[in-house]
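With the hints as your guide, set chain B onto chain A.
Each chain is listed here by its residues.
Protein chains: 2
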Amino acid sequence: MPAETPVSPLPPLPPVARPGDPVSALDTPTLVLELDAFERNVARLQAACTAAGVALRPHAKAHKCPDIALAQVAAGAVGVCCQKVSEAWPFIAAGVRDIHISNQVTGANKAAMLAELALHAELSACVDHPAQIEALAQALQARGARLNVLVEINVGQDRCGVTGADAALALVELIQAQPLMRFGGLQAYHGKVQHMRTRAERAAVAGGAARIAAEVKAALEARGVVVERITGGGTGSVEFDLAGGIYTEIQAGSYALMDADYQRNDWDDAWRFEQALFCASRVTSIGDGTRSVLDAGLKSLAVDTGLPTVAAVGLAYVAANDEHGILRSEGGRLPGLDELVMLAPGHVDPTMNLHDEIVAIRAGRVEAIWPISARGLSR
Amino acid sequence: MPAETPVSPLPPLPPVARPGDPVSALDTPTLVLELDAFERNVARLQAACTAAGVALRPHAKAHKCPDIALAQVAAGAVGVCCQKVSEAWPFIAAGVRDIHISNQVTGANKAAMLAELALHAELSACVDHPAQIEALAQALQARGARLNVLVEINVGQDRCGVTGADAALALVELIQAQPLMRFGGLQAYHGKVQHMRTRAERAAVAGGAARIAAEVKAALEARGVVVERITGGGTGSVEFDLAGGIYTEIQAGSYALMDADYQRNDWDDAWRFEQALFCASRVTSIGDGTRSVLDAGLKSLAVDTGLPTVAAVGLAYVAANDEHGILRSEGGRLPGLDELVMLAPGHVDPTMNLHDEIVAIRAGRVEAIWPISARGLSR
Numbered sequence: 001m002p003a004e005t006p007v008s009p010l011p012p013l014p015p016v017a018r019p020g021d022p023v024s025a026l027d028t029p030t031l032v033l034e035l036d037a038f039e040r041n042v043a044r045l046q047a048a049c050t051a052a053g054v055a056l057r058p059h060a061k062a063h064k065c066p067d068i069a070l071a072q073v074a075a076g077a078v079g080v081c082c083q084k085v086s087e088a089w090p091f092i093a094a095g096v097r098d099i100h101i102s103n104q105v106t107g108a109n110k111a112a113m114l115a116e117l118a119l120h121a122e123l124s125a126c127v128d129h130p131a132q133i134e135a136l137a138q139a140l141q142a143r144g145a146r147l148n149v150l151v152e153i154n155v156g157q158d159r160c161g162v163t164g165a166d167a168a169l170a171l172v173e174l175i176q177a178q179p180l181m182r183f184g185g186l187q188a189y190h191g192k193v194q195h196m197r198t199r200a201e202r203a204a205v206a207g208g209a210a211r212i213a214a215e216v217k218a219a220l221e222a223r224g225v226v227v228e229r230i231t232g233g234g235t236g237s238v239e240f241d242l243a244g245g246i247y248t249e250i251q252a253g254s255y256a257l258m259d260a261d262y263q264r265n266d267w268d269d270a271w272r273f274e275q276a277l278f279c280a281s282r283v284t285s286i287g288d289g290t291r292s293v294l295d296a297g298l299k300s301l302a303v304d305t306g307l308p309t310v311a312a313v314g315l316a317y318v319a320a321n322d323e324h325g326i327l328r329s330e331g332g333r334l335p336g337l338d339e340l341v342m343l344a345p346g347h348v349d350p351t352m353n354l355h356d357e358i359v360a361i362r363a364g365r366v367e368a369i370w371p372i373s374a375r376g377l378s379r
Numbered sequence: 001m002p003a004e005t006p007v008s009p010l011p012p013l014p015p016v017a018r019p020g021d022p023v024s025a026l027d028t029p030t031l032v033l034e035l036d037a038f039e040r041n042v043a044r045l046q047a048a049c050t051a052a053g054v055a056l057r058p059h060a061k062a063h064k065c066p067d068i069a070l071a072q073v074a075a076g077a078v079g080v081c082c083q084k085v086s087e088a089w090p091f092i093a094a095g096v097r098d099i100h101i102s103n104q105v106t107g108a109n110k111a112a113m114l115a116e117l118a119l120h121a122e123l124s125a126c127v128d129h130p131a132q133i134e135a136l137a138q139a140l141q142a143r144g145a146r147l148n149v150l151v152e153i154n155v156g157q158d159r160c161g162v163t164g165a166d167a168a169l170a171l172v173e174l175i176q177a178q179p180l181m182r183f184g185g186l187q188a189y190h191g192k193v194q195h196m197r198t199r200a201e202r203a204a205v206a207g208g209a210a211r212i213a214a215e216v217k218a219a220l221e222a223r224g225v226v227v228e229r230i231t232g233g234g235t236g237s238v239e240f241d242l243a244g245g246i247y248t249e250i251q252a253g254s255y256a257l258m259d260a261d262y263q264r265n266d267w268d269d270a271w272r273f274e275q276a277l278f279c280a281s282r283v284t285s286i287g288d289g290t291r292s293v294l295d296a297g298l299k300s301l302a303v304d305t306g307l308p309t310v311a312a313v314g315l316a317y318v319a320a321n322d323e324h325g326i327l328r329s330e331g332g333r334l335p336g337l338d339e340l341v342m343l344a345p346g347h348v349d350p351t352m353n354l355h356d357e358i359v360a361i362r363a364g365r366v367e368a369i370w371p372i373s374a375r376g377l378s379r
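So the sequences go chain by chain: A and B. Each residue of the first sequence is one higher than the last, beginning at 1 in my numbering. Each residue of the second sequence is one higher than the last, beginning at 1 in my numbering.
Keep in mind that the hints are not guaranteed to be accurate.
Put simply, identical chains are the same to the list, so a pair is met inside one copy or across any two.
[What the hints assert, rightly or not] Capping the alpha-carbon separation at 25 Å, the derived lysine to aspartate or glutamate pairs in DMTMM-like fashion look like this:
| no. | residue 1 | residue 2 |
| --- | --- | --- |
| 1 | Lys192 | Glu239 |
| 2 | Lys192 | Asp288 |
| 3 | Lys192 | Asp304 |
| 4 | Lys217 | Glu173 |
If you are wondering where the hints come from, they were derived from the structure by calculation, not from laboratory data.
The following block holds chain A by itself, in its conformation from the complex (with noise of 0.2 Å):
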């Protein structure tokens, strides 16, 4: 209710931060990315890529933001994946220039879109179904498009994919039979395995898609095929799917930024990524001296794998409310009223999606305010 007569019309809200800020300015909560720790984690594995003469494609929907992804390009990456259609917009946009989609691709509707796309980047999508191709095949003609196409292979995620190399053959000759197509190799991807806890558990499943991809792989060839590519791997297989020697690309995301889930695996400390990733929180009332209460709960924060870690020794994250976040001691120093508290977020890809932009730090001061414009593209 205004004083004297109302102001109108109504500002906008004031951003988050400015370039040049101090990192003790930024309002909250928002995400923020250490840009010492990130540049390192993409180096880091690209290198070891680009030892193993394998490609790095890495995956967009760790973290749905096209800066990123042009510092990946920059950094040695052959391209992104996305995870949806639809999410390859702004990638495009931007001027990424190679796009993977590592799902199936089915409907009429979803086709189009990728059809319209494919004059814009060099694409390519998964089928694992006879009437994905179908479908496709029509919205490539009636755009005069062109997509490279791969087969995706169950390799013991239970997902999406075809189970053995009869099934695969089928949909390859089906794939060579359009003109607008080209068979692009085969997608061998394992979810499970990336967060297993253990070495030990990690290399051996991951070893057992390899297995899997090689077998399929070999049984192509056998009939004359060529397949040039096979993509998958992730953060939590990558030293496993390199030395295999069977992956030609890998599709790691969230070892650019990781997460508290991704924390907690065991891992050889070559392959042990930078947390690069924050919520900027702040303390909104201290209760009655026994927790201090955060302004970042579950809209600020994905659970799904478990409550984020904080960055301050002595401190636990017990419980999130929609726009609160529980704050107790551990034997460190609870926080007061309004002080700024980093906390590292559950899972990476869907905290990102929470989020229309994201504040990249360095040495405590704001470089830039990054937007994370595919965030909620998931068609």
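Here is chain B on its own, set in the frame of chain A:
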């Protein structure tokens, strides 16, 4: 890769739906609002509040959608609640004139944002510490704005709020000493009671909260303080909140849309609201025939209170990945490729916060597409 000359510029993504479309044409994943059920929910709680002589101020954090808020106000609501200051912005812009920030407003950034918004609408907010009153007073003075300030009392949730009448009175006196503030009453909200499964538990805990609020009110009145408003209550407790006679205003939010978690409560028939919110999803893969893989996962559905339920009988959504949901048969027919599947989300508030729009349908046709304009506004 274009077959011919590249087409430019990149066209926008197609809309998820168009008014008049049949539901069968929806692109997915997308949220869907069944307007008939929604309108019955809105009318039913409004009638109950009106009959009890209690104001209804629906919580907009549940939906973040100005079109929904305007429908609630048109049905008789006195305004809405928001949980964060920035969240109020799109509701004010859409013409909602009376908004309560049902949360502590802490720190100079938030105080300045609130003071600016208070020039454009009737606003109230909560405090539970003297430092909040000080920061708000400075910001109000800087903008020449006025504010109704409520004291939040802890009625058993142990989140925010002061404990006891003396602590409340100390804050009331600080508020009354500020020329641009008006003491607006008490907030007495208990979040945990809402999802207690049995009516008996909810009756007991809501009754306890009301008794604490009544005691603090009586103590303040004994010292000459008028307590014109006691705001609180929710979808799970509203039958007890209205019967208790202490609340002057009900903050329920979920009732208008509902979710799978609330549906698991034990309800008296008169207080069971209808499921009006769905996530429309489609099958992208059928694997080996033992499952159907949906295109709605963690980025389309919040799972903090459990997985979504399936509208069709005999089917269970058994696992959510970032962009995949796994559907298995529990006696029902597994849907085929590209088939539409309607899901009731586990938790309404964070699910609405994942989507930029909701498709309002009636009798199987699209009536409107409503922007979820406050999505992501958590500052």
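>> So, against the hints stated earlier in the document, which numbers end up violated here?
In response: Every hint satisfied by this model.
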